[in-house]
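Add chain B to chain A, keeping to what the hints say.
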Amino acid sequence: MADKVITEEEFIDELESGMTIGVGGWGSRRKPMSLVRSIIRSGITDLTVVSYGGPEIGLLSTTGQLKKAVYGFVSLDSIPLEPHFRVARQTGAIEAIEFDEGAFYLGLLAASHRVPFYPTRAGLGSDMMAMNPELRTVVSPYPGPDGGEGETLVAIPAFDIDLSIIHMNRADAGGNGQFLGPDLYFDDLFAMAAKRTFMSCEKVIPTQEFLNEGSVHTLKIPRIFVDGVIEAPMGAHFTECPPDYGRDENFQKLYAETAKNQELWDSFNQKYLQANSHEEYLAAVNSGEQNE
Amino acid sequence: MKRADICVAAIADCFRDEADILCNPIGISPIIGGRLAKATFSPDVVMTDAVSVLATNPLPLNDPSAERTIEAYAPYRTIFDIVWSGRRHVMMGATQIDQYGNQNIAAIGDYKKPKAQLLGLRGSPGNLINHRTSYWVPSHSQRSFVSEVDIVSGPGYDRMRTLGKPDNRFHDVHRVVSNLGVFDFETSDNRMRIRSIHPGVEVGEAIENTSFELVIPEDIAQTRVPTEDELRIMDLIDPRGMRYQEVPE
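Residue numbers (numbering that gives the first Met the number 0), protein chains in the order written: chain A, 0 to 291; chain B, 0 to 248.
Chain A extracted, bound-state conformation (with noise of 0.2 Å):
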């Protein structure tokens, strides 16, 4: 088994402006921030991010480097709406794609399946059909399940995702991946629909370990579908990674409260984005807590 391990220096090296990237999580969970910042760090820009957003939407347009959003929310969970994407919209900032959540599953599905797309009812009659001009219907081939004849559906294509991040609870050197909190999410999807996947996890552990923390069904990310490993402990924070941690509520106030005030957010920016390494980051944030 090839040992995929990589530092964080190696994984930048990966990104070129005008990517699409895809990211893991959900909102404010389980999402791949040390990644996050890596790209931030990066200087990258022109990128187009794919998710069910949360913080990594809000910081890529505040760093001014996310050209376009395509998405089925931007939450930060306990705050509804990401503030910063809030700004980001209001002031037309970014462009952004919006689906349906459901929808956007099958987005990222028919990329996993190398079809077009798939088909939904999700998006007739509403308003995602006139926000999204290049959204197309289908007319059935067949019959419906109830007989119904002739029925249009929309036609959601599949994302096309240069690279995608994600973060697990663990990890082994060869790439496979393991979720020990309540959801994966649509993390495996994320990994099959991007021509490259890269992975952090909060430990990497041998193959023969995985099942002394989880059963098999957590066992969703096989190594085909990842290209590097990067071990990153704490590497969600300040999003949730349960059962390792808890969301840092304080923290994530502490970053929304930067989308209201400049000042703010230039010393957020210059104490925790631009540390030169994710445990420079943790080390800020542990300094920070002190300061409290």
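Since the hints were made in silico from the structure, they are not lab data.
Computed from a predicted model, the values in this text were never measured in an experiment.
Treat the hints with care, since some could be wrong.
[Claimed, not checked] Ranges between beta-carbon positions, derived for each pair: (1) M128(A) - T55(B): 36 to 44 Å; (2) I219(B) - E256(A): 42 to 50 Å; (3) S64(B) - A282(A): 25 to 33 Å; (4) S64(B) - S214(A): 17 to 25 Å; (5) D16(B) - G63(A): 51 to 59 Å; (6) G108(B) - D145(A): 38 to 46 Å; (7) Q89(A) - D188(B): 33 to 41 Å; (8) M0(B) - E133(A): 52 to 60 Å; (9) R168(B) - P79(A): 27 to 35 Å.
Ideal placement from N, C-alpha and C gives every residue a C-beta, glycine not left out.
Chain B in isolation, oriented as in the chain A frame:
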């Protein structure tokens, strides 16, 4: 007995006579009302713990440490599968709602550069076209009951008439509950009708606070008041009284 208690019972009544569906209310009073219905007259609906499982016992609001009797695993992917299966009745909020039940939770102003970005479309488009939907509007005013919504996140009956059969066959906007009354669309042209007015509210108050013309039945019913047993269960589900903050007296 407070207005909020009456609203919660009215919300619970939206799920009366339902069984073998996911009862999926979103928001404070809807969750209390849905859990009340399940604990009393609709025991055969299933409900989530708002995280990732279906739990049989009535859970207290926002209490992640509460004991759960787990009957099934329901991560988000399964929720979407259930939406598409049709075995679900969702109750959502509506920043704006119009006479045909078009809902907006997406944004105020032009979508491209909104004056105010709201939650977004979220799951509304898929919900409305696949299964029964009800709405909860805690603050009934001309700003929420509008003549035209800025963006249609959840389509109403006029949009569905345009869409036509068979594509519209699963659409079903069931009830709208506000702090003033209960409304339905059981009219020949599916315009919003007063179903009942809450005790202590004048009909005129509902009419004045609505930007469009409500259909008014000849005899206007009064919303029922909850029983002692229902009030006791509401307190178990909502021990901190969050419903009273959502609907002040």
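Practice problem: Could you say whether the range 38 to 46 Å given as a hint is met by the Cβ separation of G108(B) and D145(A)? | Solution: holds (39 Å)
Practice problem: Kindly confirm whether 52 to 60 Å is satisfied by the beta carbon distance between M0(B) and E133(A). | Solution: holds (53 Å)
Quiz item: If you check the beta carbons of D16(B) and G63(A), does the distance land in 51 to 59 Å?
Solution: Given range 51 to 59 Å: holds, Cβ gap about 54 Å.
Quiz item: Do the Cβ positions of R168(B) and P79(A) conform to the proposed distance bound of 27 to 35 Å?
Solution: With a Cβ separation near 32 Å, R168(B) and P79(A) satisfy 27 to 35 Å, so the hint holds.
Quiz item: So does M128(A) sit 36 to 44 Å from T55(B), Cβ to Cβ?
Solution: Once the Cβ atoms are compared, 39 Å apart, the range 36 to 44 Å for T55(B) and M128(A) holds.
Exercise. Using the Cβ atoms, figure out if I219(B) sits within 42 to 50 Å of E256(A).
Key: holds (48 Å)
Quiz item: Is it true that the C-beta distance of S64(B) to S214(A) lies inside 17 to 25 Å, as the hint says?
Solution: Given about 23 Å between the Cβ atoms, the range holds.
Practice problem: Look at the Cβ atoms of S64(B) and A282(A) and judge whether their distance stays inside 25 to 33 Å. | Solution: At 32 Å between Cβs, range holds.
Quiz item: When you take the CB atoms of Q89(A) and D188(B), is the distance between them in 33 to 41 Å?
Solution: Distance hint for Q89(A), D188(B) holds at roughly 37 Å.
Checked against the numbered hints given earlier, this structure breaks none of them.
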